[in-house]
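Q: Going line by line, the protein sequences match chains A and D. For reference, each letter of the first sequence is one residue, going 1 to 317 in this note's numbering. For reference, each letter of the second sequence is one residue, going 1001 to 1325 in this note's numbering.
Heads up, some of the hints might be wrong.
Said to hold, decoys possible - Rough simulated footprint, nothing fancy, chain D against chain A, three-plus residues with beta-carbon under 8 Å: (1) 109 to 120; (2) 136 to 146; (3) 184 to 197; (4) 249 to 261; (5) 297 to 311.
Hints listed in this document are in silico derivations from the structure and should not be mistaken for laboratory results. Virtual Cβ for every residue (Gly too), placed ideally from N, Cα, C.
Here is how the chains run, residue by residue.
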Amino acid sequence: MTQPIVKASNLARFYEVKDGFLSKPKTVKALAGVDFELSPGKTLAVVGESGCGKSTLARLITMIEEPTEGTLNIDGTEITPSVWADMRETVAIVFQDPYGSLNPRQRIGQILEEPLVINRRDMSAADREAAAREMIEMVGLRPEHYDRYPHMFSGGQRQRIAIARALMLDPKVLVLDEPVSALDVSIQSQILNLLVELQDRLDLAYLFISHDLSVVKHFADDVIVMYLARAVEKASKETLFETPRHPYSKALLSTTPHADPEGKKERIKLEGELPSPMNVPLGCAFAARCWLATEACRKSVPNLEGTDHKVACLHPL
Amino acid sequence: MSLLRIRNLSVDFATASGQFRAVDGVDVTLEKGELLAIVGESGSGKSVSMLAVMGLLPWTATITADEMSFEGRDLTKITPRERRSIIGKDMAMIFQEPMSSLNPCFTVGFQIKEALRIHMGMDRATRNNRAVELFDQVGIPDAASRLNTFPHQMSGGMNQRVMIAMAIACNPKLLIADEPTTALDVTIQAQILDLLIRLRDEQDMGLVLITHDMGVVAETAERVSVQYAGQKVEEQPVKDLFRHPYHPYTSALLSALPERATSKILPTIPGVVPGQFDRPQGCLFSPRCQFADEKCAQTPPVPCGPEQGRALCHHVDAIEAGEMA
Ligand SMILES: Nc1ncnc2c1ncn2[C@@H]1O[C@H](COP(=O)(O)OP(=O)(O)OP(=O)(O)O)[C@@H](O)[C@H]1O
Ligand SMILES: Nc1ncnc2c1ncn2[C@@H]1O[C@H](COP(=O)(O)OP(=O)(O)OP(=O)(O)O)[C@@H](O)[C@H]1O
Ligand SMILES: [Mg+2]
Ligand SMILES: [Mg+2]
Chain A
1 MTQPIVKASN LARFYEVKDG FLSKPKTVKA LAGVDFELSP GKTLAVVGES GCGKSTLARL
61 ITMIEEPTEG TLNIDGTEIT PSVWADMRET VAIVFQDPYG SLNPRQRIGQ ILEEPLVINR
121 RDMSAADREA AAREMIEMVG LRPEHYDRYP HMFSGGQRQR IAIARALMLD PKVLVLDEPV
181 SALDVSIQSQ ILNLLVELQD RLDLAYLFIS HDLSVVKHFA DDVIVMYLAR AVEKASKETL
241 FETPRHPYSK ALLSTTPHAD PEGKKERIKL EGELPSPMNV PLGCAFAARC WLATEACRKS
301 VPNLEGTDHK VACLHPL
Chain D
1001 MSLLRIRNLS VDFATASGQF RAVDGVDVTL EKGELLAIVG ESGSGKSVSM LAVMGLLPWT
1061 ATITADEMSF EGRDLTKITP RERRSIIGKD MAMIFQEPMS SLNPCFTVGF QIKEALRIHM
1121 GMDRATRNNR AVELFDQVGI PDAASRLNTF PHQMSGGMNQ RVMIAMAIAC NPKLLIADEP
1181 TTALDVTIQA QILDLLIRLR DEQDMGLVLI THDMGVVAET AERVSVQYAG QKVEEQPVKD
1241 LFRHPYHPYT SALLSALPER ATSKILPTIP GVVPGQFDRP QGCLFSPRCQ FADEKCAQTP
1301 PVPCGPEQGR ALCHHVDAIE AGEMA
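Sequences and hints are given; from them, build the entire structure.
A: Structure follows, in structure tokens:
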């Protein structure tokens, strides 16, 4: 067994927000204690409801924000803000919103060279340009794109630029926040293939955040299912897709649309109030939408239990 | 009279390196209460063609069309004032980039109530109630207090739902939804799609759904139009398209789906979409097409008949007959 390159334990992140103009601030528990280990060459997928804290987790692992609680160890180093600068090259991120994350006033060439300008000061301008051009080709863009601005690209092309930028510094861990959700199928498969190749070649570890279970099923080794700031199930991909044990995981799997207009649908339709991190229910957060929930579920938060296949549910399937 | 009728729409952009044709002779027809999905390669002009309909392209764009009408009204001839009264009210769009279409300086509640004030002339209390109702409909929990938050305080998917709420706020007759659910988990996605379909059923709203999620297309659309490099290359009812694609691009697209994958490396379409400088003379897909020959490289194809999905391809018959292996 290789040593894990990322070890997160009990990671949590809270935000203070103002709910009306004069009322006192409330705490949003965006992430309420998540544990995992990630090994080189492996892909850990994180799936779950919108707003359940996936991007928050990504920001903690990428050292953009400091956890409110918990510890993070990357490549053998305990992470505190004082070591952020030294560790930046080790972890790179591809953001969910490729447009918002690309500077509209920079040309693509500059965008790709910027990490080199900051982190590889001894590199000559010509070498930087060569590296950027090579990367443009690697992610399937065209040479003439080197001089263009982000607004001149389609959504999918912009995501390729974001992936190219993340790879410029040869990171060991790549956090991919919905990396292919803006891409059409054929480019999605090119990017997934590219990610597979890079992982094989460079032994990269991926933290792969996605809503698309058909992509996760294809791509991941292990999967964490999150619901309202917590992990509710954790298993190998095979196990999770064959025998989901948490009702939310089961609902997710049953609702995933299939590219077959004539296939039969057995969708578990969820009803009931969506939970809010500003107003966390006392017991299991999924209870309000769960068809198996009992009184006990509304009283206390179930722990994530089990050895290889972990689930946080009083009535697992 | 069709709700939306577009004939031979082309859009050219002026760029530093010359003219670039993003949309090339596209036809779209949509009836009241109909659901059309537009799929296709990234950069194939799906968003640009619909932004042209909405009149939302920058000045660098030149738009030409034989016809572009909404409920029989010629969109190329209306005054800016008339346009403002239609756009956002009778014709609304859910944009592909939720973050860049919301104003970061105002609360989301203010933004949605402003639209209701301008287009619906509602009083303050009615606006507030309607805003809460809309947030509930799109599944934003804690609707009343969420109205006071700013876009950056919400997750990507929540901003997307705010955009959806804004788009349906004024009961549009035509809704163009550009990748409306990409940032949402499938349980919410199902809820949003159910909502859009309900609006379609109850209010006879016409819906154009731009998406690359073939699962969503398979489960919601009635008719599918496939675009490649600015052109429409095929159009069929949804079942027929999945059962029997005619254009080689459509076939390649369907076989690249991860859910049809048999190995870790997925089938892809070699090469990239033609750019400004290597636009082929003939069929635009020919440089990447396994069936392409000399004729494809030289002569632009004309669409086949509707029984062959109006496929823009020279060799539909020969490929069918297995003569082009
Ligand atoms: N800066 C912030 N201030 C206040 N609340 C925040 C902030 N950032 C995130 N949140 C809240 O924390 C929760 C988790 O957000 P996060 O962006 O991690 O969700 P997510 O799982 O990535 O969702 P999505 O799939 O929609 O992108 C959300 O309820 C969000 O509104
Ligand atoms: N303002 C602009 N200036 C120059 N070119 C542009 C501009 N806006 C879009 N384009 C180009 O027009 C083409 C069509 O873009 P469009 O955004 O319509 O693609 P799309 O089909 O919506 O793709 P995606 O699935 O990635 O969203 C692209 O090649 C894009 O680079
Ligand atoms: Mg997110
Ligand atoms: Mg688009």
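Q: Please go over all the hints and tell whether each is borne out by the structure.
A: Status of each hint after checking the structure:
no. : hint       : result
1   : 109 to 120 : violated (count 0)
2   : 136 to 146 : holds (count 4)
3   : 184 to 197 : holds (count 10)
4   : 249 to 261 : holds (count 9)
5   : 297 to 311 : violated (count 0)
In summary, the structure is inconsistent with hints 1, 5 from the numbered list given earlier, while agreeing with the others.
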